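Enquirer: Please arrange chain X on chain D, whose structure you already have, making use of the hints.
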Amino acid sequence: MEAQRTAYHKIWEAHHVAGDPRQRMLMYVDLHLVHEVTSPQAFSGLRAAGRRVRRPDLTLAVMDHLVPTWERTRETPDPVGREQLRQLSENCAAAGIPLLDLYHRRQGIVHVVGPELGLTQPGMTVVCGDSHTSTHGAFGALAFGIGTTEVEQVLASQCLWQAPAPTLEVRVEGQLGQGVTAKDLALGIIREIGVAGGQGSIVEYSGDTVRGLSMEGRMTVCNMTIEAGARAGLISPDQTTVAYLEGRPAVPRGHEFAVAAERWLSFASGPEAVFDRRVHIDATQLAPFVTWGTNPSMSVPVGARIPELAELPSESAREAARRALDYMGLEEGTAIEDIPLDRVFIGSCTNGRLEDLRAAAAVAAGRRVSPRVRAMVVPGSGAVKRAAEEEGLDRIFREAGFEWLEAGCSMCLGMNPDILSPGERCASTSNRNFEGRQGAGGRTHLVSPAMAAAAAVLGHFADVRQLEPADLGSAALGR
Amino acid sequence: MEAFSEVEGLVATLPRDDVDTDQIIPKQFLKRTGRDGYGEACFFDWRYDADGHERPEFELNHPAYRGAEILLAGRNFGCGSSREHAVWALSQMGFRVVVAPTFADIFRTNALQNGLLPVALDDPTCADLQQRAGRRDGYRLTVDLRAQEVRDREGRRAAFHLDPFWRECLLAGLDPLGMALREEVAISGFERARSPLLPTTRHRWE
Chain D
1 MEAQRTAYHK IWEAHHVAGD PRQRMLMYVD LHLVHEVTSP QAFSGLRAAG RRVRRPDLTL
61 AVMDHLVPTW ERTRETPDPV GREQLRQLSE NCAAAGIPLL DLYHRRQGIV HVVGPELGLT
121 QPGMTVVCGD SHTSTHGAFG ALAFGIGTTE VEQVLASQCL WQAPAPTLEV RVEGQLGQGV
181 TAKDLALGII REIGVAGGQG SIVEYSGDTV RGLSMEGRMT VCNMTIEAGA RAGLISPDQT
241 TVAYLEGRPA VPRGHEFAVA AERWLSFASG PEAVFDRRVH IDATQLAPFV TWGTNPSMSV
301 PVGARIPELA ELPSESAREA ARRALDYMGL EEGTAIEDIP LDRVFIGSCT NGRLEDLRAA
361 AAVAAGRRVS PRVRAMVVPG SGAVKRAAEE EGLDRIFREA GFEWLEAGCS MCLGMNPDIL
421 SPGERCASTS NRNFEGRQGA GGRTHLVSPA MAAAAAVLGH FADVRQLEPA DLGSAALGR
Chain X
1001 MEAFSEVEGL VATLPRDDVD TDQIIPKQFL KRTGRDGYGE ACFFDWRYDA DGHERPEFEL
1061 NHPAYRGAEI LLAGRNFGCG SSREHAVWAL SQMGFRVVVA PTFADIFRTN ALQNGLLPVA
1121 LDDPTCADLQ QRAGRRDGYR LTVDLRAQEV RDREGRRAAF HLDPFWRECL LAGLDPLGMA
1181 LREEVAISGF ERARSPLLPT TRHRWE
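Chains D and X are the protein sequences, given in the same order. Take the first sequence: its position 401, counting from 1, is numbered 401 in my numbering, and each next residue is one higher. For any residue, its number in my numbering is found by taking its place in the second sequence, counting from 1, and adding 1000.
Source of the hints: derived by calculation from the structure; they are not laboratory data. Treat the numbers as computed from the prediction; the structure is a model and nothing was measured. It is possible that part of the hints are untrue.
[What the hints assert, rightly or not] Partial chain X-side listing against chain D, Cβ under 7 Å, derived:
1. Asp1020
2. Ser1082
3. Asp1122
4. Ala1180
5. Leu1197
Backbone N, C-alpha and C fix where the C-beta goes; we use that ideal spot for every residue, glycine too.
Next up, chain D with everything else stripped away, as it sits in the complex:
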């Protein structure tokens, strides 16, 4: 029954190469994204076996994880990292894989760049040696992260052995309140279902709230799917998807665009789609969230307090919270707004797109970063950076005392020189608050871009909904 098929099942069946689709099949990969950190061993494995890259024309490499965010004229500081970048250049040149290197104007975070170029389209399968590949699911693509051995397998065969997965519908309904963003929705969902709530499953986000999100917001939500432990997260394609793709470099034009768009929309889940599990989220109950612990489910609304240990449902939850609070240097029951900050990071594949920077700039405009805080803005890509500069966002950030930097993954994972020192506390728009994620001993609190900007100017967490909206005027935002 067509009406009962999900987007996932349609994509699954359309990518069957060999084997039994009900047990384990060889699945074709339409787009393979590659970056410097998880690919060197895959390329050397190919070389050792005398194998070639099968489809360099379906592969795109980007330098993003360890690139410095300072001017591109300065060298990457550490020799081990430089060698990794050099190997990526060499491997791509030898295999004929297009590479957006450090100096390319389209360089950026792989999950920001792919969609920007129009390479991620509905109905496709997309993989990358990076867990946040789930981002591309926003387009109604089946997209997931893989390890280095699988990177090698895709390079050589353009295929992966895959077993079918159960489906989980996360239906979100109701209007998001003012100041409550896609990031808060993502954190709210993880808070509800837990960091293993999606384990083994393909999540489809649905409902009027999700339909109402921009593509950028949808990417934020799908990006965080991995933090709920799911294999992949996706959103059925609709007119918002089609409108975003029109005119992008890798997208067909004219009559072919109409044909492609019709094909894309055919991958949407049917009106009576059958899911193995369903979860309902009431968007009207969500608030701007702040994480207080060391995994993304440990969050509370900004106006709340860190939970008392006694309130937690189980001994294992209490033990996890005790460990987290000890690492974070926090006490149970502390009001979130009383937590002072040292650093603010705005960027990443979660929240480094233009809409995110606009939201942060709207809060930063006409204000000053607190003297106790060092605040950085790292655009998700060169294209995001240029677009933001055309709107004057860079000027707003700079005048407010934020650092305006070059594109890359930066302090989301601290593989480049942007790291927290031990004990430093950071409000971050990234995706993981794991111990040491942003630097050994560093303490990460996940928030939305607007909340990060508010924290930067006040030097502690604050409810962005209670700040007077800055008078940006349409001229200052260029729109």
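Expert: Using the frame of chain D, we list chain X on its own:
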């Protein structure tokens, strides 16, 4: 892939849920370009203090767990980043099996690709094993992939299930890539039938 059939070994416990791959192998070790030398760095920040000395309070530093080949972990082991380095690090630290109630998906696949066997057992069984191994008196287990069974010397047995594809790969030492490449006719046929409207990366990206 190296064949795997049975391991009889010492069990070490790490009774925490949601151990993420950032803890198993921190980012600074991901800049290397080889597959070796990660064992010393496994659980780096938990295992060593700022001066590089072992932290005595970290479970796996306990003398009774030296030489352990079976790691008994908590729920959702290996969540977070897709870094396969986490599996290389565990293997090179000496582990051949990880037993846990549940595993994160990408970690489990990475482990299987490298012959590190992820064995999922239910919560009560894991809790019982945690208690036994937690006594630190040399508790050992046999993990038998052929029989899909874990057993100890006192006759306790617990069955586990592994996807038949991976069971076959591990028992016979089969390489999934080699198996994929044997489907060349099917892959080429699939490629000929793909929509010409699908994007390629061959552009002058400007």
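Enquirer: Which hint numbers does the structure go against, in order from smallest to largest?
Expert: Failing hint: just 3.
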